[in-house]
Structures are given as structure tokens and as C-alpha cells.
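*Asks:* Read off the chains here:
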Amino acid sequence: MAARHPIYDADSETIREQIRRFCAREIEPHAEAWEEEGIFPRELYAKAGAAGILGLGFPEEYGGAGGGITYYCLVREELARTGFAGVRVGLMGLGIALPPILKLGSEEMKRRIAPEVLSGEKISALAISEPEGGSDVANLRTTARREGDEYIVNGEKTFISSGVRADYMTVAVRTGGPGMAGISLLVVEGDRPGISRTNLKKSGWWTSDTGHIHFDDVRVPASNLLGEENGGFKGIMNNFNLERLGIAASLIGSSRCCYEEAVRYAHERRTFGKLLAEHQVVRHKLVDMATGIQAMEGMLDNLVWRVTGGETCIAEIAMLKSFCGATHERIASEAVQIFGGAGIIRGHKVERIFRESKILSIGGGSSEVMKDLASRHLGWSA
Amino acid sequence: MKVLVPVKRVIDYNVKIRVKPDGSGVETQNVKMSMNPFDEISIEEAVRMKEKGVAEEVIAVSMGPQQCQETLRTALAMGADRGIHVKTDDVLEPLAVAKMLKAIAEKEQPQMIIVGKQAIDDDCNQTGQMTAALLGWSQATFASVIELGEGTAKVTREIDGGLETVDIKLPAVVTSDLRLNEPRYASLPNIMKAKKKPIEEMDPASLGVDTTPRVKTLKVSEPPKRQGGVKVESVQELVSKLVNEAKVI
Ligand SMILES: Cc1cc2nc3c(=O)[nH]c(=O)nc-3n(C[C@H](O)[C@H](O)[C@H](O)COP(=O)(O)OP(=O)(O)OC[C@H]3O[C@@H](n4cnc5c(N)ncnc54)[C@H](O)[C@@H]3O)c2cc1C
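Chains as they are written, first to last, in this note's numbering: chain R, 1 to 382; chain Y, 1 to 249.
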């Protein structure tokens, strides 16, 4: 890093260094095997917890490491830079599951749940999407009916990251009438009777489980409600905003990995008696990749700064998310192109990143839905 | 007891070293610097002694330019209690460092100095031994295990072809090897706490040490570039090349 930076300083660079050391020691040597076998070593949570990595961006009084949104983004960028998105997602589910608990939960719940999750002892997941409605959150159908001191939950959630392993699920449920005004957020413990969970097979992120979850008359104490009954929609939207900043940071990290791999390969591989990097066409590709990264970074730094200053930036974050999704897709694709046939063979990071590059143009709010959201917040929509 | 740990600011191990165009040394401008990895291991060992209750205070010392304070802050974030910065822009040879460590040890009276077995920039592997000799203390180099007794220590050393265990009397100088421990990660809360820990500044003159180098660097150059290899078709061809071209048999 240069001596001056809009959001990072000497402390953040020390932390970046620590995260890189952690990745080099605990993730890089093993992740290829985990990914191929589709396993996630549970002890990695505790290791990342002890290293102070899980807690970055969370308040110290609840077991976090402090640092706010800047550090929330920094840790995601560095984990993504390994090129193992499945490991990052498997490890960092708490990044979207915990904030609603800390923002809306009772003091008792925060003290009970947050330290266990931030130390890596317990796993948490956020469950919003349903078979009938991913993009259309306001239409969700999973119900929670109040009966005495309990809610009784019925319905299903799908595509839930760490949904199978999670000890705590932050679940969006319908407690009232139709539309966004009837939605609440409820914490559901993974071991409650009536829950059944299956891992979905998918084209990438094999280290991270992606759960389909059935709730069949699941009884949950009413005190597990986050915030007001029927007031959950706003909390979900605020949480999406944070998630999308983190996704942008992850896409930047992953793009950097592609770029660095491509630069390295272009300086090793010879064709027509020259290094790839000596062909002007390849040099231009590398510059285009670097330009995309520079643009994404500029947008993210600016928005982290604005959000830290108290702005909400709904349209800007939505545009950031869709821009980063598309830019990352292009960078991953060009990296594979530079690798040629080798980029199609398993074992190269760019092969996996390209194969997985659609996921974050869909998850966390699809690009189309992001642009739709932006169009409604730019001040000109009908 | 007190434990003293010198920490050196070196070019980061990930950086590709470049020789300055005028051959006067290696490029350090705009190059990432970090704590010598063996010194991280020394700090970790000292902090573990403190956590076990066998050491009361861990003091980190760094010698060199202003930026050495960043290296000291890392040591403090890992758990050292306070820092000493001997500020100088001069080139420091192992003997000068050892003399300054001796002066600091005489003032601070630590029972143990844990020194990295070498620094990854010049790979001298001399400072620990010289410090022990100047102080007239016991020494145990290349430690992979340190067990403290009553005024003694049992140190397992990594030597060619095996391990050697030595019993030494304290005070002593121990130099740390790679397998002594795995240094911890400095967490953000600890980095913040480290800002409040004191760093005392001094200079070589106040320690009564003349740091004038005794060795003159004539020229620094890149190692010769590796030539591309060739594949041979047969054993006959290999032997003929070894005889006629390489002239080694
Ligand atoms: C690997 C993975 C992990 C995930 N993890 C989680 C998780 O942890 N928690 C969670 O809650 N969810 C998770 N999701 C779900 C994710 O958020 C949804 O997939 C996403 O919101 C899209 O919803 P959908 O799949 O139902 O697609 P749909 O909503 O059915 O959309 C299908 C297509 O139609 C487009 N479309 C939809 N509406 C509009 C519109 N109004 N205008 C124009 N185009 C539109 C979409 O952009 C998309 O291209 C995950 C998904 C994946 C793939």
C-alpha cells in the first residue's frame, strides 16, 4: 500500500499481513483437497476465531475484533484473494447472519450468541431465500405463528450457505399479512425438532454447504424474535447493504487472484518463441484486468468511506454489486483465456474461479434486481 | 524474570530482492519491510513464558531508523510489554548490535535474551553468540525447545543429523530456530492496545557504543542468471556432454 490511502492505514496493513499469514498457513496448503472432497474442517472456525479474523468488523464487547466496515471488507478481500471462495463463504457466513442479531436482538441474545459465533465455536447462517422467492423477498411464505411464549415455524428455505451445518439460523418469516409489512426475523437454533436439512450439489463452492431446509412445526421461544414483530423487512434490507459491500470486496480479492495468476502464467508460457506477456494482445488483456480492479476498488473505497460516515447509499451499493459481479466475471473469463487449455484443467485457481464466477452475480441480489433497485433510488423513477 | 528480545526490521520474505543499479547494496526504498521471522518466533516464546507465569516482563529492542518503531509495535501487539528503540541511520554490523545488547542487558538485567538464530537479510548468524561472549553468559543456539528450571534452562538444539540437549545456567542467550514455535497472529484489539505501551528511545552513543563498520562493502551484484537447460535423449549423450562440454568427468 502507498503511504496514503482513502480507507486503509498502517494498522489495517498489519492486519492484512496477519490474514495473509493465516491464509498461507491454514488455507492454501489444504483448500484444494477440501474443495475436491467437498469438506469443511470444522476446526478452521476456531483457528480463525483465535487469530482474530472472524471478529473483524464486529464490536469488541460481543467478542469481535472491532474495526467497522473497513475491516469487514478487508478480511473478505484477503480471504477471497486465495482463490478459494468456498472456504471464504464457509467460514464467513456469520458476516450476514450475525449483524441482524447485533442490531435488533435483545441484550441477552447478543451476549449468548455473538461471542460463541465470533470465537468459531458455533456456526451461523442467514436464511432468506425460498424455493418460491429469491429475488422477491417481500413475497416469502415461511410462516411463524405465535402460540403463547413460542413461535411455530413452517415452510422451507433454499440455497442457504452453511444452512446444513449452522447452529444458529437467522430466518426471515411471515408473522403477519402479505407483502413486506408482514415479515419478521427470528433466530432458529439448528437442533430444534422439526428441522430437516439437505446439502444441494452445485457447480462450485464445494467447501461451503448450501442447504435446503424444511421447517415442520418447529417451536422457537418468542424471545428469539429480532426487533419488532412484522418489522423485519427493513432489517433484511439494511443487512443486504452490508452483505453487498462484503461481496464487492470478495469479488475484488478474487479478481486480484485471477490477475496475479494470469500475470505469472504470461511470464512463464512461451508461444511463437516469445513469452505470452511479450505479445501485445496479452499485455492489453492484463491491463484491462488491472483497470477493472482499479475501478472496483475506487468504487468500494468511496462507498466504505461514505457508509462509515453514516450514509446509506442504497443505489450506489446496488450498482457497485452488479458492476463488481460483471467485472469479476469478465476478469475470470480473460484469465482462463490467457491460460489456454490449462485454464480448463482442474487444479488451476482460474479454472475454479471462472466456473464459480456466476454465483455472485446471482447470490446476495442478482445483477438485474440490483439495477432495478438502483433505478428506484436514483431519484427519477416513476 | 525479565526476557529481552531483539527484533530486526528486514525486507519482507515475500519481496523479490533487487540490487541497486550502482551496486552499493540492495534496494530498500518503497520495499515492504517486516519483522525478521526468527525474531517473531523469539517474541512468541517470550510471551508464552509470560503467559505460563515464568516470566514477568518481555522487553523488545530494535536498532535502526525511525521505522523500526513499526516493528516494535508488532512485537508489542504480539504481547511484549514495552519497547526500546536504539535510533540510528548507520549500517549496523553484528558486533555493534551485540555491544548495544550488552549495554542494554547490563541496565535491564534480564535473565534471558532470546535472539533469532539469524536475520533473513544478511544471514549472519553471529549476534546471539557475540552477545553471550561479551556478557560472559551461557549460550544455547538453534533452540527448538526451551524448558526453564530454577535458575537454569534445558534447551534442545537442532544440529546436523539430530537433536542435542544442553543444560545451561541463567542468565543466558538463546537463539531461536524455526521449529521453536508457531508465532501467533497480532489481532486488531492487540494492535490498538500496543499503541499505549511505552517505547523508550536512545541512541548508540548513549549506550557508549561506536557503530563504525569494520567491514567495507566493495560491490553487491545479482547472482548469475540461470541458463536454460536441455533435455538429453540417452545416457550416452549425457555421458558425452559431461565429458566433452561440462568436463566434469
Ligand atoms: C451458492 C449460493 C449461495 C446462496 N446463499 C444464500 C444464503 O446464504 N442465504 C440466502 O438467503 N440466500 C442465498 N442464496 C440465494 C440467492 O440470494 C438467490 O439465488 C438470489 O437472490 C436469486 O433468487 P432466485 O435464485 O430465486 O432467482 P429468481 O428470483 O427466480 O430470479 C431468476 C432470474 O430472474 C431475474 N429476475 C428476478 N426478478 C426480476 C425483476 N424484477 N426484473 C428483472 N429480472 C428479474 C433474476 O435476476 C434472475 O436472473 C444463495 C444462492 C447461491 C446460488
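No lab work stands behind these hints, which were simulated from the structure alone.
These figures come from a predicted structure and were not determined experimentally.
Don't take every hint at face value.
[As the list claims (entries may be wrong)] FRET-style restraints, in silico, Cβ to Cβ:
1) Val91/Y - Arg330/R: 28 to 34 Å
2) Arg20/R - Asp160/Y: 29 to 35 Å
3) Asp167/R - Met192/Y: 27 to 33 Å
4) Lys274/R - Asp160/Y: 41 to 47 Å
5) Pro29/R - Glu200/Y: 53 to 59 Å
[Stated by the list, open to error] For lysine to aspartate or glutamate, the following EDC-like pairs were computed, each having C-alpha atoms within a straight-line distance of at most 20 Å:
6) Lys32/Y - Asp12/Y
7) Lys16/Y - Asp217/R
8) Lys32/Y - Glu107/R
Cβ coordinates follow ideal geometry from the N, Cα and C atoms, glycine included.
*Asks:* Tell me, which hint numbers fail for this structure?
*Replies:* Numbers 1, 5, 7 and 8, in rising order.
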